[in-house]
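Asks: Let the sequences and hints guide you as you build the complete structure.
Protein chains in written order, with the working numbering: chain A, 1 to 91; chain B, 1 to 218.
Keep in mind the hints are simulated off the structure, nothing from the lab. Please read these numbers as outputs of a predicted model, since none were measured by experiment. A few of these clues could be false.
[To be verified] So, partial list: chain B residues that the calculated Cβ filter (under 7 Å) puts toward chain A:
(1) Asp5
(2) Pro6
(3) Thr7
(4) Pro70
(5) Leu71
(6) Arg72
(7) Ala73
(8) Phe74
(9) Arg76
(10) Ser151
(11) Leu153
[Unchecked claim] Calculated lysine to any residue pairs in the SDA-like style (CA-CA distance at most 25 Å, straight line):
(12) Lys152/B x Ala27/A
(13) Lys61/B x Glu111/B
(14) Lys56/B x Thr112/B
(15) Lys8/B x Arg32/A
(16) Lys152/B x Glu11/A
For glycine and all other residues, C-beta sits at the position ideal for the given N, C-alpha and C.
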Amino acid sequence: MGDIERTTGYEPTSCPWRAYGDPVISAALTLRARVSAGVLDLDQQLAVVVDAHDALDAARCAVESIDRRAEREERESQQRIAESERRARAR
Amino acid sequence: MHENDPTKHLTCYVSFDPAIDRDAMGADFALHFGRVAERPDLMDGRYGNRDGALVKTRPGKRPTTFELRPLRAFERAACDAAPSAESRWLHALQYALVRAELSQPLAAVNETVRPLPGQGSRLSMEALDDLGERVGIETLYEVGAVAYSRSKLSFFGEGFAPLPATSAHVLERSLFHAATLAAETSDTETTDAGSTSQQETPPGSGAPGSVTATGAAT
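Replies: Written out as structure tokens, the structure reads:
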């Protein structure tokens, strides 16, 4: 729960899996799929669902950003290890 | 999170409607309508869940109800652009009102009010004024605040707390209702059977009518 709050900025108020049963969340997920397909005018959608869609997008961006940073750090770490091994062999 | 699905229509009651039995509801009253926050920094419990199952009415009375639909994004944006909280609530009510079932004693008369059908239709300012004359501007504020608040992701996270039982408006409504009941009882006792008047007209109320369709503006 703490990780979710740190990552997304939202503190879960119940089990995160239950969120998929929430009508607003399911509507927002449906909306997200349709927006990705480019077939919707967001202005015409329910305001609360658009808010949820934006919150989902923000959370997804935050998680992806953290994943990218972790991947970069992992890659840089491996490069440093490979470099030190190469120098050790050169000696 | 409140009980009602904010993507669906909501039947909204008014916290100071004399037809609602505040005593019989007990703690459910605050659950349904919320309560005035003693500490504004604490949001928990300040706003009700508007779960209709919690509402209890006085015997023989029918509460005034407002059927509200969820606001669309462009409608909420129009409300957000309004300069004050009250004007945002009234804008939200104009968009969200599907039907109002007005009943005595909160309203002057029993009638149904609805905007004209059609996509994008909403209550005109004239119709809103007319409705305000029948039920009072405080009623419009409360119902409009519900319509506006449920369009936000953090349901009822901001905007409105019901009037406390000791507010001047609630006391005035209660006293008027009590006086009307007393007058009815007195009439029943002193006149022949069947002559009791059912008409109650609070001060400043609009003209009586039966079922009306109120004009809409697009």
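Asks: Does each hint fit the structure? Answer for all of them.
Replies: Here is what the structure says about each hint:
no.	hint	result
1	Asp5	holds (5 Å)
2	Pro6	holds (5 Å)
3	Thr7	holds (5 Å)
4	Pro70	holds (5 Å)
5	Leu71	holds (5 Å)
6	Arg72	holds (6 Å)
7	Ala73	holds (5 Å)
8	Phe74	holds (4 Å)
9	Arg76	holds (4 Å)
10	Ser151	holds (4 Å)
11	Leu153	holds (4 Å)
12	Lys152/B x Ala27/A	holds (14 Å)
13	Lys61/B x Glu111/B	holds (14 Å)
14	Lys56/B x Thr112/B	holds (21 Å)
15	Lys8/B x Arg32/A	holds (19 Å)
16	Lys152/B x Glu11/A	holds (17 Å)
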